[in-house]
Structure formats: structure tokens, C-alpha cells
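Enquirer: One letter stands for each residue in the lines below.
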Amino acid sequence: MLTLQHLSKSYVAGVPVLQDVNLDIAARGITAIIGPSGTGKSTLIRCINRLIEPTQGAILFDGTDVARLSGAGLRHARRHIGMVFQEYNLVERLTVMENLLSGRLGYVSAWRAWRRKFPPADIRRAFELLDVVGLTGFANQRADALSGGQRQRVGIARAVMQEPKLLLADEPTSSLDPKTSVEIMQLLADIARSREIPVLINMHDVELAKRFADRVVGMSGGRIVFDGPPGDLDDGKLKVIYGGEGWLH
Amino acid sequence: MRAATDLPAPLDNPFRSSVWPRIAGVALLVYVVWACAQMDISWARVEIGLENAAHFFSRLFPPNFTRWEILVKGLLESLQIAVLASALGIVLALPIGLCASRNLMPAWASWPARFLIVTARSFHPVIVAIVFVKAVGFGALAGVLALTVASIGFIGKLFTEAIEEISLKQVEAVRATGAPFASVLGFGVLPQVFSRFIGFATYQLDSNLRNSTMVGIVGAGGIGGTLFAAFQRFDYDFVCAILLSIIAIIMAGELMATAVRRIFIGNATFADLWRRGRAAPKLQPLQDD
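Chains as they are written, first to last, in the numbering used here: chain A, 1 to 249; chain B, 1001 to 1289.
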């Protein structure tokens, strides 16, 4: 589904944040990327839908190299890649329904979107998804009136509205309390399994990653240093990823 | 632990007096006295002025509304100038302001737009009005064009600043859905700046209303021409009638602008404006409980 080949990124020439990352994401399952802060996890995720321009390498998604696309080609690739953000990134002054429908903007012409003339099928889908994420009745609430957990539910629903072939999540639970974090991860996992969408998640929380991921990728210094099932992630491996050992129980 | 004796001695007054502000204050006072002497402003001169003013003000009253037809015609023309210039200015300022915002636009688009805005703001509306009177001739058209230029400068600048202050995270999320640029503007940018934009626009209408009574003095249409003629013919009672009418119009405009702002600021979006007045919103089959 997604193959990263020799992906590198330097914000400043000579100081690479990502170094020669090679990764294969299967068409199913949840992959968690863990690693210390500043190791390039967010950069990696954002390179995949080109919110950040990679310096080098190929991003093969669904048979095309996203790294070489531009203009309409890039927009068409993006609409198949849903994204969930750490700070939800909802448009605060729009309603929940408008935020959900913004997931369809890649498919609807700007003229229709400005006049809020979305196809009835999209609107039906949005109401269904509101039920799925547990926000029935919130359609006309403004996004800035919601709590953090509710906002992230809207963020997930917006991404799923795109009918994505791949879901990216950049620290989706880092701004949430532990209980809400588990609920949000559960929701993401349920959606991934029931709709058969592969999910790539950046995470701070190793325990949460072990609990929900089918596969864990450990990064350190811009490189992949671990790749395997969560069961293989023992203290020795964590030491390699995060360095030191004082923090391990 | 340091001994107490090592600490600096407490100052009697923690608010240290500074010499420079005092010097500046004295210098300003000296300059004012010098300037008065230079311009021959003496008490005797002020007495003459006050006498003249008393005479003038006594001739202002009572206001004379007998030539109300000329008055109403001039006011209506001023009103038209203000409304037309505001509408035209807003329509033009939107794209120009957008182009000038450096966070959304590349340098090749933002620099020319910024230059245009700065140029539009460089001159007082009266100077611009004189230029247009020379260019297109006497009359309301020159006034409309002059105030349009002023509106572009004012709204363009504020709109640019509003766009440059938006949260790019929201824009990033809309971009990530694969939305075309126009949709990113409509869903990611406009909702964030819309209520502020309404504020600028009503303020500009208010300001244009005031300026439209003035451009007539240089022949660019509106009540200003009538006012100037009345001054020159020493029809001070008619001058008073005109001034009172202008005050009434400005106050009415102020009330209207406040009402518009109360409706919009803080809780409305472009979409709300669109939905208002449509019978049955399609997006509300659920009720909150």
C-alpha cells in the first residue's frame, strides 16, 4: 500500500532529520511509530502527504510516487490519505458538520463547497460517521464549543469522510487525558479494522502503542532502529530506541 | 548561603528618577513658547479671535432649513458616494488583501499587492479627490473613486494583517484533505477572518460616510460642495443647518454599524450569513438534548 524508499529530510542543509528511511506499510493493520521527541516522527508522517517536502527519496502510494507529484496530481493523492492531528486542527469557527464535510473538499468543486452544496450522499455519510464516533446530535455545534476528546472524534470523522486508503495520525492522543486517550485509540482501531484502512500512528506512549498496534516501528536519530510486533518490544529494544535506562521501571 | 551584609543595600526609593524624560519635558515647553512667539500668537490676538468667533457663532443660529431641497439632494449624493465607494472598495480590497498576505502567498504576489496598499494609504482622501477631479472632471464619480482608493488602503491593510494572524494548523488540515486552493480559502481561511472583516467593513462605511461630506469641498460631489458655497456666501444659518444634518447622518450610520457588528462579531461565519434567510436548513434533522 505504502512504501517509503530512502526517504531523507533536512530542514537545514547537512542536518538531516530523517536519514534514509525505508518502510513498507501493508494494506491492513495499525502501525505505531515510537521514538524520542525530535527524532523525526512528525516529519516522517508529514512527508507522506507532502505537508512537508522530503529532501530525497520516493513515497510509493498506491502505485504512484507521491514525492514527484504536484498540483492536481498531489491533491488527488492527498484526498486518499486521511490525517488526524495532535491538536485536532479543526476549523474552530465552523460547525461540526462543516468540519466533517471539509473532508470531502477534494471531491467537491470549490464553487459548490463555498455555497455549502454538498452531495446528499456526503451529508448522509457525515451523519452516519457522527453516530460512529459518538457525537450524534452535535452536527450544528461549533467546533470551538467541544472538549478535547470530542474534537479529536470530529478530527477522526473528518479524516474518514475522505474515504481514505491510508490514515495518518500524528500524536493523536498527546493532548488528551489517559482515559480519553484510550477511548480515542480504541475508536481509531475500531475504524481501522471495520473499514480495513491501514493506519500509521506517531505515539509518545509506549504502553498505548503496545496495546493497540499490530506493528511497532522504533525511530532514533532519524533512522528506523526497530521494526516488529509489539511483543518483541522488550527493555533492551526500548533502550536502543530511547537511550539510557534509568527511566525503565 | 550568602551573608546578609553581602546583599546590596536597599535603596530608599525603588523607582529611580530618570533625567532624560525631564529634559525632554522642559524642551517641549520651551519649544511651545518659542513657537507661539514665532507665529505671533499673543493674548491680544486671541482676544480678537474670540470676538470674531462670538460674532460667527451668533450668526450660525438659528439654523435655516428653508433650502432643504438642496440640502437633501447633497446629503443623498454624499450617501451614495459613501455606499458605492465602500462596496467597490471592499470588493477590490478582498483579493488585494489576500494577495498581500505573506503566509499564504508567494513573494511575487505579496510585494506588488503590498505596494498597492501602501500607495493607496499614502495620501489623504482630499488629495486623492483633487487628483480624480482633475482626471475625470467635477462630480460624484471623482468622489466615489477617491473614497474607493481610501477604502482599498484601509481594508486591504487590516485584512492582510488579519489573514497573517490566522492559525495555520486549521489551514494545514484542510490542505491535507486534498482541497483545491479556493476551497482551502473558503473552509480554512475565511471562517477565521470573517467576523473581523465585517468589523473593518462597517468601520470603513462609517469613515466613508464622514469623508463623503468633505470631498465635495474640492468639487468631487456631495454635500461638501453645498457647504463650501454656503461658507463663501456667508450664509452661516444655512451652514449650521448643513452641519446639523451631517451630524444626524453620521450618528445614524454609527448606530447602523454598531448593530451590524453586534450581529456578526464573535459568533457568525460566512456560512451563517448564507444560511440566514433560507427556509429549512438541510443540515438539521437532529435535535440537541
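Source of the hints: derived by calculation from the structure; they are not laboratory data. Just so it is clear, CB atoms sit at the ideal spot from N, CA and C, and this is done for glycine as well. Among the hints, erroneous ones may be present.
Claimed, not checked - Okay, the calculated beta carbon distance ranges per label pair:
no.	chain 1	residue 1	chain 2	residue 2	range
1	A	22	B	1102	53 to 59 Å
2	B	1250	A	12	54 to 60 Å
3	B	1105	A	38	26 to 32 Å
4	A	223	B	1181	47 to 53 Å
5	A	38	B	1168	56 to 62 Å
6	B	1087	A	115	49 to 55 Å
7	B	1105	A	115	51 to 57 Å
8	B	1260	A	134	36 to 42 Å
9	A	178	B	1260	44 to 50 Å
10	B	1250	A	38	45 to 51 Å
11	B	1083	A	71	51 to 57 Å
12	A	14	B	1026	53 to 59 Å
As the list claims (entries may be wrong) - Incomplete in silico selection of chain A near chain B, CB under 7 Å:
no.	residue
13	103
14	110
15	112
As the list claims (entries may be wrong) - Covered by chain A, according to a simulated footprint, are these stretches of chain B (three or more residues, beta-carbon under 8 Å):
no.	stretch
16	1013 to 1027
17	1110 to 1118
Enquirer: Would you mind marking each hint as holding or not holding in the structure?
Expert: The hints, checked one at a time:
no.	hint	in the structure
1	A/22 - B/1102: 53 to 59 Å	37 Å, violated
2	B/1250 - A/12: 54 to 60 Å	56 Å, holds
3	B/1105 - A/38: 26 to 32 Å	31 Å, holds
4	A/223 - B/1181: 47 to 53 Å	36 Å, violated
5	A/38 - B/1168: 56 to 62 Å	21 Å, violated
6	B/1087 - A/115: 49 to 55 Å	21 Å, violated
7	B/1105 - A/115: 51 to 57 Å	25 Å, violated
8	B/1260 - A/134: 36 to 42 Å	39 Å, holds
9	A/178 - B/1260: 44 to 50 Å	47 Å, holds
10	B/1250 - A/38: 45 to 51 Å	58 Å, violated
11	B/1083 - A/71: 51 to 57 Å	41 Å, violated
12	A/14 - B/1026: 53 to 59 Å	58 Å, holds
13	103	5 Å, holds
14	110	3 Å, holds
15	112	9 Å, violated
16	1013 to 1027	violated (count 0)
17	1110 to 1118	violated (count 0)
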